[in-house]
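Residue numbers (my numbering), protein chains in the order written: chain A, 1 to 597; chain B, 1 to 421.
Check each hint, because a few of them may be wrong.
Unchecked claim - With a straight-line Cα cutoff of 20 Å, these simulated EDC-like cross-link-like pairs (lysine to aspartate or glutamate) come out:
#: 1; chain 1: A; residue 1: K429; chain 2: B; residue 2: D209
#: 2; chain 1: A; residue 1: K262; chain 2: A; residue 2: E332
#: 3; chain 1: A; residue 1: K558; chain 2: B; residue 2: D209
To be verified - Going by beta-carbon spacing under 7 Å, a handful of chain A positions derived as facing chain B:
#: 4; residue: N431
#: 5; residue: D435
#: 6; residue: R479
#: 7; residue: G505
#: 8; residue: I507
#: 9; residue: N591
Derived by calculation from the structure, the hints in this document are not laboratory data. None of the values given here were measured: they were computed from a predicted structure. The C-beta atom is built at its ideal place from N, Cα and C for all residues, glycine as well.
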Amino acid sequence: MIAVKVEVRTGPRWAIILGTNLTPKPSVFCMFYPSNVSLKFLGPLVLLLLGGGALSPAIAGRPDSENRTDNAGAQQVAQIDKMIVEVWEAYQIVPSKLATDSEWCRRVFLDIIGRIPTSDEATAFVVDNSNDKKQKLVATLLHDDLYTEEFARNWTTVWTNLLIGRSGGTTNGSMVNRAGMQKFLRDSFARNKPYDQFVHQLISATGTTAPGDENFNGATNFLIDKVNNEKASRATAATSKLFLGLQVQCTQCHNHPFNDWKQQKYWEMNAFFRQSRAVGRGMQAGMGNVATLTDQDFAGENGNNFAEAEVYYEMRNGLVAVAYPVFVDGTEIDRSGYVKQTNRRQQLADLTIKSPYFSKSIVNRMWAHFLGYGFTSPADDLGPHNIPTHPALLNYLGQEFRSHDHDLRQLMSWIVLSKPYGLSSRQNKSNVEDDPLLGESPKFSHFYLRQMRAEQLYESLIVATRGAQQNQSYEEQERIKNNWLQQFTTAFGTDEGGESTSFNGTIPQVLMMFNGDMMKAATSTAEGSFIDQIVNSNMSRTRKIGSLFWKGLGRKPKRAELALAQSLINANGGDFAEGLRDMWWVILNTNEFIFIH
Amino acid sequence: MNHSPPRGMNRRHFMSHLAGASAMVGTALALGQTLRANAATMGKNQKAAILLWMGGGPSSIDLWDMKPGANTGGPFRPIATNGDVQICEHLPMMAQNMDKVSIVRSMSTREADHMRGRYYMHTGYVPNPNVVHPSYGSVIAHQLGAQRPELKIPSFISVGGESEGPGFLGMAYSPFSVNSNGRVRNLNLGIAPDRITNRMQALKMMESDFINQRRGIAAAEHAKVLGKTLDLMSSRQMEAFRVEKEPTGVKERYGNTNFGRGCLLARRLVEAGVPFVEVNLGGWDNHQNIFNTLENNKLPELDRGMSALLEDLAQRGMLDSTAVMWMGEFGRTPNINGNTGRDHWARSWSVLAGGAGMKPGNAIGKTNEDGSRVEGQSYSSEDLMATVCKSLDIDLETTFTSASGRPMKIANSGKLIEGLI
């Protein structure tokens, strides 16, 4: 039997089949087929094409690729539902009703592609009567070329904030090239790079940070600011926290009282980064910040110990201890400081993606992204002191994610099609206590109200002002967005690279929504503006008013709201456009608009 | 509060379509009226606190608790002051104002991670996954701001940084952040007051509708913040932010730096009645090259701004009612590392506190010869918080109820710092 791995990538009417590990070289097939043909039929076809006849049954049996369009991971969804329901039953909670179609649709757009649906998109979903319309919408948002760019943009934003922060590359002394980081992320998410590969590249990256350089590798931007100073403490902390959900930074200086991790472990993890070196080349015309991340032979802190290159740290009792690279699970690697003999970051990347913490931490992060809270709080702390709310589910999803090629899109699909994600945010008598804001651990028996992130709001306002930003390049759009975001961001300037945002629900945010330039543009009545287009369309007056509600809130107006709009028109002396303008301003300022609900 | 009757056809017509005026509309109405100024000095004798927050963890062993001669002592020399203490030679202007504050040299805490330390020093509680505690500013805004209905600008203002949040007290007590120029963005709606009123009325109706659908606390919080924003937009008190209006001499005394301007802004805000102002000065995370950074960069900026603030408050008779604190998330290691830096150190360090009746000019507590240990009684974040609350006449028996119904004592039941009060 030949060991073989087959990967199938599909579009609406095509599939690419990659067969790897075939001797003597990998095979690639591209085929076109009618979109109504189920991928189930492809299995035998693949066997036929590969011609061996003696191939592993794993080819035909792999569930991941087939499930994508016909049952979208029904098995995983059912398992999530089962394990979530068990907890409801244990606590005698009756879950909320299902969210309305418009609520669900708005949620999915915001969470998957980072903006509200347009009125056309919202209406199309609501009027669709088919039973599998949710599956279809999710598949479209995840896989249709129409949405690839927005999908990639959204996840690029999420991961930029995680990897380098909202202020990374914008402050003095930072070597980060923001555009370079985003280029790497955008490519990764557009191509649906498997998550293990993605993380491996981030941890082990070498090359130049800036696009345009011949050695460009955007992944270097993650570590470029984190390896030089303070014995690479930021690299140690960020890598452990982001990819393993382990907060080792608390043990840098001493054994932490609330944490099982010991100081020794911190420095053993730290030792993996000590061959790494960032060399800045300053600002260069047309490229911005340019820097290079490399690995160099490490002589140990003693300076002459290449064979067993060590790091030292001071314990609280003043004694000095020594550490060599050892992974958190106790796996030791060769102590050599010579890069040719042992590339420490490569080794760390290999060990990281094999760790059970690795898959659990991404599952927890994604769950928190979609449901508002992870199975632990904070979501990036999976340490032994922090017991998850649904440990079996977390383990299960971690294993499924791993056995499905670390495919983020499948994971997203499982989560958004699950029962808890589909529930209304309206509470009932029995689940009003199920609210993490009340200090309760989440049971996910209703959808938890949460603010849009600053970037989601920005992109949603762009939808609402469609036309204003059409002709700029991607980079230019990102630059404008970033300028806008900076008003809400403050970097702490500490060795952890912490920063905070004044965005969520604060007075500056409300002022921006009342009076900001974007809002002025969104509520303009000038020629060609959104309101102008509506006023001059052929719709009835009622439909015109209704379209504001569809556009902003993804739903039709209630009767009282139509009356409200009429009052605003009357208050403007009957001026229809000015009345709509007031109504539109009101809609965009409501809690219903600004919350994901 | 008195509101003039509705004016104008449009407005009357509009109101006839809608039932029930609201607090929010009342506030909006104020925009249409002649703004009645509240005296800019109304806050003069009201209690207030100013926190000078040194983000990154300042090296108190080099500033306030010097160890000349010890191998941990560093190169700086101590100098005499007008208080009963010695401080660093690079703080000469503070040396002339040490009769206004005291040094607590016996702080001993356990959080040596920036985020945890920030949280702990701002709240008196260690981080807990199940509850978010309110920070200093939110607690004091809640206690003092609530008694000041005439105050239309936020009762917790953070200058040049974000401070920490309101936790379970809710978004209405969150810090309002401005930069040291006091510039507040997006203040002007650019439409007629009547029209603002109409919009606000319609907004209120839609907000309530959503809130009444029982979707959790956050929806109602949003409506509260809308109200606060309107208050602020319509208030003459916004003048307090215009730090550029100060006489040149005063501005120069505070220093032409973000921190200096921030301190001056803090004085103006306290004068306007704001009960809590935090002024941020970052850049203290000196793992390397610490002495050069301190001598040439951090200390001159700190010295000028902080001494000016203390002097100014004293001259205006405001120091008796205004507590001033200086601290960061922790101190720095007595041990000097291989990069001529000092690392994080929480076990023995110093903070400053004074004003509002706290005893000035002293050093409270002491550390051992090399500064690595507190000798005798040590103090914590909650002790400092309790002491400052006491100085502001806030009852230490005050108990908050978190959203989950869990009772939490103000300042986490900290004990008063002896010798400070």
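Hints and how they fare:
Our distance criterion of 20 Å between C-alpha atoms is met by K429 of chain A and D209 of chain B, whose separation comes to about 19 Å. This hinted pair checks out: K262 of chain A and E332 of chain A have alpha carbons roughly 16 Å apart, not beyond 20 Å. Straight-line distance between C-alpha atoms of K558 of chain A and D209 of chain B comes to about 11 Å, which keeps the hinted pair within the 20 Å bound. The closest approach between the C-beta of N431 of chain A and any C-beta of chain B is roughly 10 Å, which is over the 7 Å cut-off, so the hint fails.
Interface restraint check: D435 of chain A against chain B, minimum CB-CB distance 6 Å, threshold 7 Å, status holds. At a threshold of 7 Å, the smallest CB-CB gap from R479 of chain A to chain B is about 19 Å, leaving the interface hint violated. At its closest, the beta carbon of G505 of chain A sits 5 Å from a beta carbon of chain B; the interface hint therefore holds under the 7 Å criterion. Given hint, I507 of chain A at the interface with chain B, holds; its Cβ is 5 Å from that chain's nearest Cβ, closer than 7 Å.
With 7 Å as the threshold, the beta carbon of N591 of chain A comes within range of chain B, its nearest partner Cβ sitting at about 4 Å, so the hint holds.
Comparing the model with each earlier hint shows violations of hints 4 and 6; every other hint is respected.
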